[in-house]
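J.: Taken in order, these protein sequences are the chains called A and B.
Going by the working numbering, the first sequence wraps up at 290, each residue one higher than the last.
Going by the working numbering, the second sequence wraps up at 290, each residue one higher than the last.
Hints were generated in silico from the structure; no laboratory data involved.
Check each hint, because a few of them may be wrong.
The list cannot tell twin chains apart, which means a pair is met if one copy fits it or any two copies do.
[Unchecked claim] Pairs of lysine-lysine residues, derived as DSBU-like cross-links and limited to a Cα-Cα distance of at most 35 angstroms, are as follows:
no., residue 1, residue 2
1, Lys205, Lys64
2, Lys288, Lys77
3, Lys288, Lys205
4, Lys237, Lys205
5, Lys251, Lys205
Values in this document were obtained by computation on a predicted structure and should not be read as measured data.
2 protein chains.
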Amino acid sequence: MSGPSTVTAAVLVIGDEILSGRTKDRNIGYIAEYLGKIGVDVREARVVPDVEEEIVAALDALRSRYDYVVTTGGIGPTHDDITADAVARAFGAPIAEDPRIIAMMAERYGPADFTPARRRMARIPSGAELVDNPISTAPGFRIGNVFVLAGVPQVMQAMLDCAVKSMKTGSTMAVETIESGQVPEGRYGDALGAIAKALPTVSIGSYPSFKDGKFNNQIVVRGKDPEAVEAARQAVEAMLAAMRTDGKPL
Amino acid sequence: MSGPSTVTAAVLVIGDEILSGRTKDRNIGYIAEYLGKIGVDVREARVVPDVEEEIVAALDALRSRYDYVVTTGGIGPTHDDITADAVARAFGAPIAEDPRIIAMMAERYGPADFTPARRRMARIPSGAELVDNPISTAPGFRIGNVFVLAGVPQVMQAMLDCAVKSMKTGSTMAVETIESGQVPEGRYGDALGAIAKALPTVSIGSYPSFKDGKFNNQIVVRGKDPEAVEAARQAVEAMLAAMRTDGKPL
């Protein structure tokens with residue numbers, strides 16, 4: 041799947057609330073789908089707690105390996121919001137109140153409302169670029185190849201719209217989804233494996249879901265070469281058609 | 041948060057479909073919540089693609105660091121199901137068809153239906169214990185401190201019920217959730233930080249959500265000492281009550 045037009049990313053979700061199960065993450069899937077559509081392939085995701093050493097270690101592992109890292113969570117006004125400090129530490133950058141953010145926030149909050157807690161949201165690593173927050177003022181930021189976004193899905197999504205403007209993108213994946221209908225995975229697994237082997241430039245996945253006591257499968261063919269993806273789709277359709285009509289039990 | 045009765049775990053989600061965004065993960069949150077309730081603290085989660093080296097590297101990083109690792113995905117009958125091979129490689133264990141699984145599956149499938157693809161699901165690392173699958177026969181397994189479960193949420197959940205029977209558990213977290221009502225994070229952030237500092241054995245988080253154009257916040261207090269958690273709850277309630285009545289704008 042590698043090639044000159046491949047751009048990769050990782051998602052780093054930061055927050056105790058995800059690891060306690062209190063909050064169910066909705067950001068990994070959203071970011072993965074969004075970036076995939078514009079030609080940035082998400083290759084890994086991690087969830088870490090609100091512990092500076094853990095955030096720094098994950099950031100360093102991911103930012104050295106992928107073109108981009110998108111983080112979510114930990115940039116609010118409370119004591120458990122330590123993402124900006126962790127990112128600064130990972131980059132060895134000083135952290136301080138950013139005058140651009142202070143100006144934005146001073147426009148929104150009166151002097152009595154501009155609490156030290158809110159000022160905390162203006163602290164970003166030196167040299168970072170801002171990522172607009174059209175919903176609640178305090179911006180995210182970008183430093184190096186790391187984009188630091190909010191954790192609240194609506195705010196994260198609005199920030200992501202801004203963040204991607206400065207990302208380079210690769211070629212997008214062609215994707216075909218084929219319903220297997222009543223043909224079970226165990227029936228087509230061998231033939232599908234042979235197709236996958238014959239077409240190494242496409243990625244073929246088989247995905248069962250389970251509803252009302254029955255499995256339903258989809259076969260997904262993905263790749264950067266649309267012709268190879270189309271060839272794989274045809275081969276899979278032909279395979280399923282043969283199995284539906286060969287008289288053997290499904 | 042550490043102590044003699046702390047048992048930790050990590051979740052490893054395996055599958056290209058999660059990283060493409062096609063399938064939205066529902067297993068991390070479920071496992072985190074489920075294990076937390078029985079006294080196993082999930083400390084990290086990762087999502088990796090269907091690439092053996094990636095699975096092995098993540099497994100090795102996580103199994104050496106946490107008491108348990110729970111994996112989901114990649115144990116079906118198709119060519120992209122490579123989790124069992126990756127786990128065997130991580131443990132340096134041979135992999136082969138397990139006679140117990142062959143017997144179970146032979147009961148379900150007739151000779152014509154017991155395809156090579158289905159037999160693939162009987163391949164597990166040598167020495168692994170089985171984790172029952174009450175839904176679709178082919179079991180998960182445990183080797184060392186790693187539990188290997190299905191990716192389909194309903195099947196994973198049924199397997200998890202079985203898997204936890206052999207886990208040691210620590211003391212559970214006491215958890216209190218306090219609604220901040222109309223008091224915004226930026227207003228209470230400083231005072232909340234002071235409470236968190238004064239009560240270092242509890243973990244205090246502030247979690248905004250956004251609905252219909254408005255933020256709503258919850259403050260969550262967690263810890264293994266119920267008295268300390270109760271003290272923190274009372275301090276947070278008192279803090280919010282003071283802010284609701286001090287006459288300053290919220």
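J.: A separate judgement is required for each hint: does it hold in the structure or not?
T.: How the hints compare with the structure:
no.	hint	result
1	Lys205 <-> Lys64	both (28 angstroms within a copy, 25 angstroms between copies)
2	Lys288 <-> Lys77	neither (40 angstroms within a copy, 47 angstroms between copies)
3	Lys288 <-> Lys205	neither (53 angstroms within a copy, 40 angstroms between copies)
4	Lys237 <-> Lys205	neither (37 angstroms within a copy, 40 angstroms between copies)
5	Lys251 <-> Lys205	between (39 angstroms within a copy, 26 angstroms between copies)
Checked against the numbered hints given earlier, the structure breaks hints 2, 3 and 4 and satisfies all the rest.
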